[in-house]
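Trainee: Sequence:
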Amino acid sequence: MTSPAGQGLAVDIVRTALGRSGYETTFREEPWERVLYGIQNGSHDVIVDIWYAPERERLGQFSKPFLANRLRFIALKTRAITFSTLEDLRPYRLAVVRGYAYSKEFDQDRTLDKVAVADFEQALRMLLAGRVDLAIEEEHVARRVIERVASAQSSRLQFLDKPLAEKGLHMLVSEDHPEQEKIIAQFDDTIERMKADGTYADIFARYDLVWPPTQQVSDIASCHARCALPDKDAGRPREVPAPAPGSAGWQPRH
1 MTSPAGQGLA
11 VDIVRTALGR
21 SGYETTFREE
31 PWERVLYGIQ
41 NGSHDVIVDI
51 WYAPERERLG
61 QFSKPFLANR
71 LRFIALKTRA
81 ITFSTLEDLR
91 PYRLAVVRGY
101 AYSKEFDQDR
111 TLDKVAVADF
121 EQALRMLLAG
131 RVDLAIEEEH
141 VARRVIERVA
151 SAQSSRLQFL
161 DKPLAEKGLH
171 MLVSEDHPEQ
181 EKIIAQFDDT
191 IERMKADGTY
201 ADIFARYDLV
211 WPPTQQVSDI
221 ASCHARCALP
231 DKDAGRPREV
241 PAPAPGSAGW
251 QPRH
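Using UniProt numbering, the first residue of the sequence shown is number 1, and each one after it goes up by one.
Think of the hints as simulated: they come from the structure by calculation, not from any bench. Keep in mind that a hint or two might mislead.
[Claimed, not checked] Simulated crosslink set (EDC-like; lysine to aspartate or glutamate; CA at most 16 angstroms straight-line):
| hint | residue 1 | residue 2 |
| --- | --- | --- |
| 1 | K64 | E192 |
| 2 | K162 | E87 |
| 3 | K195 | E55 |
| 4 | K64 | D161 |
| 5 | K182 | D161 |
| 6 | K77 | D161 |
| 7 | K104 | E181 |
| 8 | K114 | E147 |
| 9 | K104 | D119 |
| 10 | K162 | D119 |
| 11 | K64 | D176 |
| 12 | K64 | D188 |
| 13 | K77 | D12 |
| 14 | K162 | E55 |
[Claimed, not checked] Per label pair, the in silico range of CB-to-CB distance:
| hint | residue 1 | residue 2 | range |
| --- | --- | --- | --- |
| 15 | E175 | E87 | 13 to 23 angstroms |
| 16 | T78 | P178 | 33 to 43 angstroms |
| 17 | K182 | R93 | 25 to 35 angstroms |
| 18 | A185 | Q153 | 19 to 29 angstroms |
C-beta: ideal position from N, C-alpha, C; glycine also.
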């Protein structure tokens, strides 16, 4: 995650919350598969942004959701592609990041033409080159990556109206960390206080976003300060960046 304000919105929120709880943190951005490997082999203590999935409970303890994610399809404006059900996707090539969990139905559908990629940046380049028809990413992450690597071509891109999924974004502390329950309890409490005292709004403002979030926008090039994520917890379906997003490992030290 890159941005003028730090390594990204989720990272800034987590770093602030852990710092207020007295933890010093170091951050590393890594491919998602390496993030999962690191949390299992003990080289990482914390995953900054992860979607809940029942099978991932073995990795560690999840926080309450601190952001809401909307997974959306990105297409070229020259393509008249619409999405309502998975059946609508069958004619198209879909770039999917290895190791991501998008939605149970989507992940288990073997009839879709899925092209595995290392990360969303690779998916974006393949989309712009016409090698795939659709890319999928959490909306906020997609906008930041497009701004960073393809801003000159953003006017060629659009989000499809219907999201593939909406769900909460969590922090996860490794199962092997001796203070996992304490860290999660402090984090959840601090997040609520940050929302109440204006810290959330201040962090969102660094990214030209607003808190509480506002409406969905489909045109990537015209999205400015009004673009933000919905204040909606997707509950506890199975899924994870995060998403999710190219998530990262933390090593908190008290």
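Trainee: Look at each hint and say if it fits the structure.
Mentor: Hint-by-hint comparison with the structure:
1. For a cut-off of 16 angstroms, the pair hint linking K64 to E192 stands: about 10 angstroms separates their Cα positions.
2. Of the pairs offered as hints, the one joining K162 and E87 holds, with about 14 angstroms between alpha carbons and a cut-off of 16 angstroms not exceeded.
3. Of the pairs offered as hints, the one joining K195 and E55 is violated, with about 30 angstroms between alpha carbons and a cut-off of 16 angstroms exceeded.
4. Taking the CA atoms of K64 and D161, the gap is near 28 angstroms; set against the 16 angstroms cutoff, the hint is violated.
5. Our distance criterion of 16 angstroms between C-alpha atoms is broken by K182 and D161, whose separation comes to about 40 angstroms.
6. Restraint check for K77 and D161: satisfied, since their Cα atoms lie roughly 13 angstroms apart, inside the 16 angstroms limit.
7. A threshold of 16 angstroms between alpha carbons decides the hint, and for K104 with E181 the separation of about 28 angstroms lies outside it, so the pair is violated.
8. With a C-alpha separation of about 25 angstroms, the suggested pair K114 and E147 falls outside the 16 angstroms cut-off, and the hint is violated.
9. Our distance criterion of 16 angstroms between C-alpha atoms is broken by K104 and D119, whose separation comes to about 20 angstroms.
10. For a cut-off of 16 angstroms, the pair hint linking K162 to D119 is broken: about 22 angstroms separates their Cα positions.
11. Restraint check for K64 and D176: not satisfied, since their Cα atoms lie roughly 19 angstroms apart, outside the 16 angstroms limit.
12. For the suggested pair K64 and D188, the alpha carbons sit about 6 angstroms apart, so the restraint of at most 16 angstroms is met.
13. Straight-line distance between C-alpha atoms of K77 and D12 comes to about 33 angstroms, which puts the hinted pair past the 16 angstroms bound.
14. Distance hint between K162 and E55 is unfulfilled; the C-alpha atoms sit about 27 angstroms from each other, more than 16 angstroms.
15. Checked against the given bound of 13 to 23 angstroms, the beta carbons of E175 and E87, roughly 39 angstroms apart, lie outside it.
16. For the pair T78 and P178, the supplied restraint of 33 to 43 angstroms is violated, since their beta-carbon distance comes to about 55 angstroms.
17. About 46 angstroms separates the C-beta atoms of K182 and R93, a value inconsistent with the hinted range of 25 to 35 angstroms.
18. The hinted range of 19 to 29 angstroms is not satisfied by A185 and Q153, whose Cβ atoms lie roughly 45 angstroms apart.
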